[in-house]
Every structure is written in C-alpha cells, then in structure tokens.
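Taken in sequence, the protein lines are chains E and F. Taking numbering that gives the first Met the number 0, the leading residue of the first sequence gets 0, the next gets one more, and so forth. Taking numbering that gives the first Met the number 0, the leading residue of the second sequence gets 0, the next gets one more, and so forth.
What the hints contain is simulated information worked out from the structure, not anything from laboratory work. All of these numbers come straight from a predicted model, not from anything done at the bench. Positions of the beta carbon are idealized from the N, C-alpha and C atoms, including for glycine. Be careful, since some hints might not be right.
Chain E regions said to be covered by chain F (calculated; three or more residues, Cβ under 8 Å) [said to hold, decoys possible]: (1) 55-66; (2) 78-89; (3) 96-106.
Below, computed lysine to aspartate or glutamate pairings styled on EDC-like, alpha-carbon distance capped at 16 Å [to be verified]: (4) F/K76 with F/E137; (5) F/K76 with F/E276; (6) E/K67 with F/E101; (7) E/K11 with E/D55; (8) F/K28 with F/E210; (9) F/K135 with F/E59; (10) E/K11 with E/E167; (11) E/K67 with F/E59; (12) E/K37 with F/D114; (13) F/K171 with F/D227; (14) E/K132 with F/E52; (15) F/K33 with F/D227; (16) F/K274 with F/E18; (17) F/K28 with F/E211; (18) F/K135 with F/E2; (19) F/K274 with F/D26; (20) E/K132 with F/D58; (21) E/K132 with F/E18.
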Amino acid sequence: MAISITTPLASKQARNLKAGDSCLISGVIYTARDAAHKRLCELVAQGKELPMEIKDSIIYFVGPTPAKPGQAIGSAGPTTSYRMDAYSPALIAQGLTGMIGKGKRGPEVVDAMKKHGAVYFGAIGGCGALLGKCIKKAEIVAYEDLGAEAIRRLEVENFPVIVIIDSEGNNLYETGRAAYLAEHS
Amino acid sequence: MREISAGTITEVVKRLCVEANCHLPQDVKNCISKCYEQENWHQAKEILERIVENYHIADEQNQPICQDTGVACVFLKVGQEVHIDGDINEAINEGVRQGYTEGYLRKSVVRDPLDRVNTGDNTPAMIYCELVPGDKLEITVAPKGFGSENMSQIKMLRPSDGLQGVKDFVRKVVEEAGPNPCPPIVVGVGVGGTFDKAAYLAKKALMRSTEERNPNPFYAELEQQLLDEINALGIGPQGFGGRTTALAVNIEQYPTHIAGLPVAVNINCHVTRHKTEVL
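If we strip away everything but chain E, and leave its shape as in the complex, we get (with noise of 0.2 Å):
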C-alpha cells in the first residue's frame, strides 16, 4: 500500500519515510538538474535569495521533452543522480527535505540527509512517457535560457516514487538486492 504525500514535505516527516516506502506526491515540486544546481549552489553561497521556495521543498532531477500542444509537459522521467551530489548538501542545509531522481548517491549526500532529515525517492528511469501523465502544470520559474534544464515549478498527482535512501542511511538498492540474493543464490 502506497503512502501519500502531499507537499511541503516537513523534515519530521521525511524522517518517517523508510528505505522500501512506495508513496505517491501531490502538490508542488521543482525540477533542477547539473547546470541549475551550479547556478542555486552560487546563490546560497553568495547568501542570495533562491529563486524558489527551498524549505520543506522536493526537487526532481529532470529535464522534460518539450510540451506537445495542450499537453503540460511532454516526458519527464528521472535524470542519474550522482551528478548532483556536489551539490545536494548546500541545498539540503537550506531545507530541502526530498530529492527524486534514479541511481547511486555519495556519501556527503546522505550524511546531510541524516543530519538535516532529507530523503532521496526515485522514479522509475526510462518511463518518461508514463511519469510526465503525473505532471499536471508546469511552468518555469527561473533560468529559462537552460533550455530542458531550467527551474521548473511541477503540480504532481500522484507522483509514483519509491524511497530509496532514508534520513537514517538506509539504502534499498543494497537492502533490495541483498533480499534477493539471499533467496535465490
């Protein structure tokens, strides 16, 4: 049975969230990947205003086919996340409570999941065509000139995710696949 979530998605909250979790994401969430995670990453260290709501926010690593005519957005499935570990941290220091993307993450990343209560949900990769249904509006809020890669603010429903790294460190791929072994080798 799938938790839902609706965002904001408080810390005290994230900590509930375990490795394993099946949830589904309602309300908002923003898109960023490698080149708007520079450009936010030189925000915060310059003690500037980010040009979205951080806090107790969720951040999707994305970059979407374009928007077909009456269509919101066009596929949108998970991007790897590992490119972004250098500079998840800074972001989560700011509040940033949940990251859905696909693939392994570093272990700077988690450290600040477990000391600040963040957690990292991935999306299915390669199932754009079916994620991007999900995605009811989308509209960009900051750096246009990315292209694919501009800051986008998401209205999701029922966002299929699955926690793979929780706020304690907990982490299904080794969990999962450890399970599996000791069943079937």
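Put chain F on the given structure of chain E with help from the hints.
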C-alpha cells in the same frame, strides 16, 4: 552511379529520429516480456510492468519513451555506386534539427564539452560511415541516452588476460554501473581492433537485435554465458534487486594486434532505440 538527393536523406533522418524515440523496437519488447515471465522477485515484476505500460503509452500517443531523447547516432552503409547530390553531413544534421524540433524531442547537445552551451537543435549528430558494395544507402538512427553512456568503459587488456579477462571486465562494468544506467540494460561489447575500433564495435553491437546471437558459435555461447552471469548479480530492474539486470549481451569481435586485447563495454538502458531505412 545511382543518385540520391540530400533532401531525401534529410526527410528520412527526420522521420527516423521521431519514430526511434517514440516506438521501442519489437525485439526489445519481446525481451522485456520474456524477462517478465522469468522474473521471480515481486518488486522486480512490478517495475517491469510499469516499463511495459510506459512503452504502450509512448506507442499510442507518439510520445518519447524516455525524456532523454539522446544524442542522435547515425550509422550509414553507403553503397560505393551511390552518389549523394549535396553535403551528406549537412543533410543528416538538417534531418536531426527538423526531427528534434518538430517532433518535440529534447535538445541535449552542448556545442563544446567545456563551455557547455546547448546547440538548441540537438545537432551535430554522431555520424558513422561504412562503405559497402552496391547502390543502396542504409541509414540507422539510434538516439543514445547518457545515463547509460556514462556507465560505459574501455580497457586495454593483455593477451594473457584472455577469455577470463574479458568476462571479468564486462561483469565489473555492469557491477560498477549498478542502478545508474536504468536496468534492465542491454550490454554492447566490442573485443579486438584498436582502442577506438573496440569502442565503435561495442556501440555497433547495440544496433543488433537483442534476439539475434553472434553468428560465430563461440561468441554466441559467450553472449549467453555473460548474460547468465550478469543476471546472477541480483541488481535487478532499477537496481532494487531481482533477476532481470540485463536483457541481452551483444558482442562484436575483430582481429587485433599481437600485443593487444582491447575490450569496450557500451551500456544501453531498457530504452534501446534504433530504426533503419534502406534507400
């Protein structure tokens, strides 16, 4: 000499870019279905169901299967009796430009690897050209996503490393990639040639049907062995555990130097896209 106009090439490339991005090849669909039947882990089965649902939506709505519509890799087999009326490279890039713009595909190419400014139209394509006898022109467009491309590796093994060295390296690359390249993956392996030839062979291997084995029985057997070994790693769909880590292992081999044993592993995700047209 047979004349083919640059305009015709542009039209074909444009169409192939869109079709390849929206419609998964039937052989890959068949492999996913077969792996679904063989999968014995509940969560893995659930993920494979979502993957099938996703490509159905893409088929029905002409929607890109994945948001990473890739860099356009274009493989040409040019008959030596064909004359192209116009600039073939420009004709291909114009096809990519039109296909990615008019087909609502993502533009993912930057003009310089260090200054990283987007070209805005997904050009240039990566063009590979082979001259062959005859008067036909075969064009394959293979959009390549970088989640899996980034997990690819090449190694110059010693001849003494032999078969075991090749197998160990392929397994190591898949193990290190883990969940990052969106498993289940297709593994393209190039063995032999030179440093660059091995990498080219690995990419070319990804163009072969996932249901078709290497015509050489030794390499066909090796493909099956490696697939079984990879699927015993337990990484599973998306890396959450399970049997289905790879859909297929495709190997291409080539003669090499007495001193060398180059091996390249080019990884592709479950969205292994390519579409061919012969003019």
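Margin query: Check the structure against each numbered hint from earlier and tell me which ones fail, lowest number first.
Written below: 9 and 21
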